[in-house]
Amino acid sequence: MARAAQKDRTRHAILDGARQLLARGETVTVVAAAEVHGISRATAYRYFSDPAVLTAEAVLDLSVLDYEEVVAGAEDLRSRLMAISGYFFDLAVEHEPTFRQYLSLNLAAWQPDKSTLPTRRGARRVVMYRRALSEAGDPLDDATAERLVNALTVGTGIEAMIALYDIALADRQAARIAADDIAGALIDRFLPPAT
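In terms of our numbering, the sequence shown opens at residue 1 and continues consecutively.
Just so you know, the hints here were simulated from the structure itself, not pulled from any lab data. There could be a bad hint or two in this list.
Unchecked claim - Straight line, CA to CA, 20 angstroms or less: simulated DMTMM-like cross-link-like pairs of lysine to aspartate or glutamate:
id, residue 1, residue 2
1, K7, E57
2, K7, D61
3, K7, D50
4, K7, E35
5, K7, D66
What the hints assert, rightly or not - Distance ranges between label pairs, derived from CB positions:
id, residue 1, residue 2, range
6, K7, R189, 25 to 33 angstroms
7, A23, R189, 43 to 51 angstroms
8, R41, P139, 41 to 49 angstroms
9, D166, A123, 21 to 29 angstroms
10, E94, T27, 24 to 32 angstroms
11, T43, A123, 13 to 21 angstroms
12, R41, G184, 40 to 48 angstroms
13, E35, A168, 43 to 51 angstroms
14, R41, R3, 14 to 22 angstroms
15, S40, S63, 26 to 34 angstroms
16, D188, D16, 32 to 40 angstroms
17, E35, R100, 26 to 34 angstroms
For every residue, glycine included, the Cβ atom is placed at its ideal position computed from N, Cα and C.
Assemble the whole structure, with the sequences as input and the hints as a guide.
The following block contains the structure:
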């Protein structure tokens, strides 16, 4: 867990470095963004291999609320998981052009040789789902909890929005209802019944 927290801090430091460069009107490179916080070139490239992806994520990172704000008012685990799912779907809808561009840049950076794959995207929704489960006292064993997190991740965010908008041709309201239906069904499938 400490290792994951350190990786998260390093990733956020590089993103912050990119935002500082943008604010000063300077060119964003992976190395320059890392150097703002004294992070080595080698370490920086383990997190970001493409400056365009780094820049896009740095801009999107500003839009994401803290976990506490996302789950505020949610009284139980099911409500917290639903709040996280809805929040990330709505976030993608509200920033659709930026998220589509970000996803496009990530797809363009993909390499078939697994040794050169870029590190995964920010995975903020995954972190929030895991936190909600851990705060609930881990009602599921580790493997089942991870299955739930993976399933919820598929039905959340830009990927779900694209499937619902571009493939199902759902309008905004129908897409949101479908995203809620998917999240609710998954949560009900995995969580033990409330007592």
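Hints, verified against the model:
Restraint check for K7 and E57: satisfied, since their Cα atoms lie roughly 16 angstroms apart, inside the 20 angstroms limit. Note on K7 and D61: the hinted pairing holds, with a Cα-Cα distance of about 16 angstroms set against a maximum of 20 angstroms. Proximity of K7 to D50 is assessed by CA-CA distance (about 18 angstroms); at most 20 angstroms being required, the pair is judged to hold. For the hint linking K7 to E35, the alpha-carbon distance of about 16 angstroms falls within 20 angstroms, and the restraint holds.
A C-alpha spacing of about 18 angstroms is found between K7 and D66, which places the hinted pair at or below 20 angstroms, so the restraint holds. A hinted range of 25 to 33 angstroms holds for the C-beta pair K7 and R189, which are about 30 angstroms apart. Checked against the given bound of 43 to 51 angstroms, the beta carbons of A23 and R189, roughly 45 angstroms apart, stay inside it. For R41 paired with P139, a C-beta distance near 43 angstroms keeps the hint of 41 to 49 angstroms intact.
Distance hint check for D166 and A123: the Cβ-Cβ separation is about 23 angstroms, which falls inside the suggested range of 21 to 29 angstroms. The hinted window of 24 to 32 angstroms between E94 and T27 holds, with their beta carbons roughly 28 angstroms apart. In this structure the supplied range 13 to 21 angstroms holds for T43 paired with A123, their Cβ-Cβ distance being about 18 angstroms. Under the hint 40 to 48 angstroms, the C-beta atoms of R41 and G184, about 45 angstroms apart, fit the expected range.
One distance hint, 43 to 51 angstroms for the beta-carbon pair E35 and A168, holds here, with the actual separation near 45 angstroms. Restraint check, R41 to R3: a C-beta distance of roughly 21 angstroms satisfies the suggested window 14 to 22 angstroms. Between S40 and S63 the beta carbons are some 28 angstroms apart, a value that agrees with the proposed interval 26 to 34 angstroms. Take D188 and D16: their Cβ atoms lie about 39 angstroms apart, and the range 32 to 40 angstroms holds.
Restraint check, E35 to R100: a C-beta distance of roughly 30 angstroms satisfies the suggested window 26 to 34 angstroms.
Every hint, counting from the list given before, is met by this structure.
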